[in-house]
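There are 2 protein chains.
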Amino acid sequence: MRVRAMTLRPIGTIRTAFTRATGTPIQPYRAGGSFGSVEIFSPFVEGLKDLEGFERIWLVYWFHRAAEAKMRVIPYSDTVEHGIFATRAPARPNPIGMSSVRLIAVEGNVLRVAEVDILDGTPLLDIKPNIPRYDTYPIGRCGWFDGVADGPVSADARFERTGG
Amino acid sequence: MRVRAMTLRPIGTIRTAFTRATGTPIQPYRAGGSFGSVEIFSPFVEGLKDLEGFERIWLVYWFHRAAEAKMRVIPYSDTVEHGIFATRAPARPNPIGMSSVRLIAVEGNVLRVAEVDILDGTPLLDIKPNIPRYDTYPIGRCGWFDGVADGPVSADARFERTGG
Numbered sequence: 073m074r075v076r077a078m079t080l081r082p083i084g085t086i087r088t089a090f091t092r093a094t095g096t097p098i099q100p101y102r103a104g105g106s107f108g109s110v111e112i113f114s115p116f117v118e119g120l121k122d123l124e125g126f127e128r129i130w131l132v133y134w135f136h137r138a139a140e141a142k143m144r145v146i147p148y149s150d151t152v153e154h155g156i157f158a159t160r161a162p163a164r165p166n167p168i169g170m171s172s173v174r175l176i177a178v179e180g181n182v183l184r185v186a187e188v189d190i191l192d193g194t195p196l197l198d199i200k201p202n203i204p205r206y207d208t209y210p211i212g213r214c215g216w217f218d219g220v221a222d223g224p225v226s227a228d229a230r231f232e233r234t235g236g
Numbered sequence: 073m074r075v076r077a078m079t080l081r082p083i084g085t086i087r088t089a090f091t092r093a094t095g096t097p098i099q100p101y102r103a104g105g106s107f108g109s110v111e112i113f114s115p116f117v118e119g120l121k122d123l124e125g126f127e128r129i130w131l132v133y134w135f136h137r138a139a140e141a142k143m144r145v146i147p148y149s150d151t152v153e154h155g156i157f158a159t160r161a162p163a164r165p166n167p168i169g170m171s172s173v174r175l176i177a178v179e180g181n182v183l184r185v186a187e188v189d190i191l192d193g194t195p196l197l198d199i200k201p202n203i204p205r206y207d208t209y210p211i212g213r214c215g216w217f218d219g220v221a222d223g224p225v226s227a228d229a230r231f232e233r234t235g236g
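Which chain is which? The protein sequence lines are L and W, in order.
Here the first sequence is numbered in our numbering, starting from 73 and rising by one per residue.
Here the second sequence is numbered in our numbering, starting from 73 and rising by one per residue.
Hints are computed from structural coordinates only; laboratory data are not their basis.
It cannot be assumed that every hint is accurate.
Copies of the same chain look alike in the list, so a pair counts if it works inside one copy or between any two.
[What the hints assert, rightly or not] The calculated SDA-like cross-link candidates involving lysine to any residue, where the alpha carbons are at most 25 Å apart (straight line), are:
#  : residue 1 : residue 2
1  : K121      : G105
2  : K121      : R233
3  : K142      : A186
4  : K121      : G219
5  : K121      : S149
6  : K142      : A229
7  : K142      : F107
8  : K142      : S114
9  : K142      : M78
10 : K121      : Y148
11 : K142      : G105
12 : K142      : Y209
13 : K142      : S106
14 : K142      : L80
15 : K121      : G215
16 : K142      : T79
17 : K142      : A89
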C-alpha cells in the first residue's frame, strides 16, 4: 500500500494582532479579549459547511516562528527544565500547535474567532469541531503543572526563531 | 526570515490491536478496554522527561491509512453530509489526528496507554500533556452533533485508503 508522504499544505492563514511572541497570550483561556480571523483558501471553503453551529473549534496550525526543536525546555509556566513532550512549548520536533478558540461567525471564506493565542500569519493546517464528549475527560493528575502557580499571561521571546 | 518547510518526521510509532478501520473505536471515550503502546524513536526519548505525571496526553498523529481528502463527508455519527472541518473524519487535507489517551506508564522509550482509538502502525507526530485549564472549556453548542444520537462505537471502512 502506498502511503502518502507526510507533507503539509496550508489550508488558510490565521490573522491576529500578535506579530511577535512577546506579549502573545499563552493558551486561549488567557486570551479573553483577543479577536482574530482565519482566511480559508478557496479549495477548502466547501469543507466549512455546518461549522458555524459549533461554539468552539480546534485550530491546528504550524508554529512557523518557533525556534529549533529542543528536547528539554524551561516552559513559560516554570523555572526548571522539562521534556518538551511534557510541555506545550512550540519548539517541538513537529511544530504543530492546537488551540480551542471561540467561533464567532463564518462569513464566506473567513472565520471570525475569539480567545486567540496565535501569531499573525500562522499557516492553518486543520479545523476540527471541539466536542466535549470527544475532547474532555475528568483529569485528576497533571504532572509538574500541579506543583506550579498559574503562570504568566503572555509569552516572551524564548521560543521565537531569530534571524534568517 | 527563513521559515522551515512544512514537512513532518515521525517521532515514534503507535501500536494497537486495530489493524483495519472497521472495528476500531471512534474516539477515546468509546475505547475503554483498548490498550496500546507508543514506541518513541531514540532522538526524542529525552523529550519524555516528566511526562509520566500526566494522567492523559494528546497523541498527535498522521492518519496514514486515510482515504484522499474530501470536502464533504457523511461522518460515522450521522446520515447526511457535512463539511469535513465540521467533522472529525480522517479524510482531511492535512490528515492529522489527535486523541486524548490515558497514560498508564512510561517505560524507557515506550509509553503504555489506554483508551486508544488509533490504528496499529500509525506514525506519531507529537505528544502534548492534556491540561484541563488549556484544553477544556464550557461548551453549550455543538452544531449538528446536538441533533444526532450517540453514534456507533466503532468505525467502518468508509474513510480507509484502499489498494496501492
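- 25 Å Cα threshold - placement of G105 relative to K142: neither (31 Å within a copy, 35 Å between copies)
- Item | Status of A186 relative to K142 across identical chains (alpha carbons, at most 25 Å) | neither (30 Å within a copy, 28 Å between copies)
- Query: From the Cα coordinates, with 25 Å as the cut-off, is the pair K121 and G215 best called within, between, both, or neither?
  - Reply: between (39 Å within a copy, 11 Å between copies)
- 25 Å Cα threshold - placement of R233 relative to K121: between (36 Å within a copy, 24 Å between copies)
- Item | Status of M78 relative to K142 across identical chains (alpha carbons, at most 25 Å) | both (21 Å within a copy, 18 Å between copies)
- Status of S114 relative to K142 across identical chains (alpha carbons, at most 25 Å): So K142 and S114 pass the 25 Å test across copies only (14 Å; inside, 36 Å).
- Message: I want to check one pair: K121 and Y148. Are their C-alpha atoms no more than 25 Å apart within a copy, between two copies, both, or neither?
- Response: between (37 Å within a copy, 17 Å between copies)
- Task: Check K121 against G219 for me: Cα-Cα at most 25 Å, and say if that holds within a copy, between copies, both or neither.
- Result: For K121 and G219, the Cα distance is within 25 Å only across copies (16 Å; inside one copy 43 Å).
- Query: Is it within a copy, between copies, both, or neither that the alpha carbon of K121 lies no farther than 25 Å from that of S149?
  - Reply: Between copies, since 16 Å is at most 25 Å while 38 Å is not.
- Taking 25 Å as the upper bound on the Cα-Cα distance, should K142 and Y209 be classified as within, between, both, or neither? Result: close neither inside a copy nor across copies, 29 Å intra and 30 Å inter.
- Task: At 25 Å max between alpha carbons, let me know whether K142 reaches L80 within a copy, between copies, both or neither.
- Result: both (22 Å within a copy, 16 Å between copies)
- Within, between, both or neither, where K142 and T79 count as close if Cα-Cα is 25 Å or less: Answer is both: 21 Å inside a copy and 17 Å across each meet the 25 Å cutoff.
Figure legend: structure checked against the earlier numbered hints; hints not met, in rising order: 1, 3, 7, 11, 12, 13 and 17.
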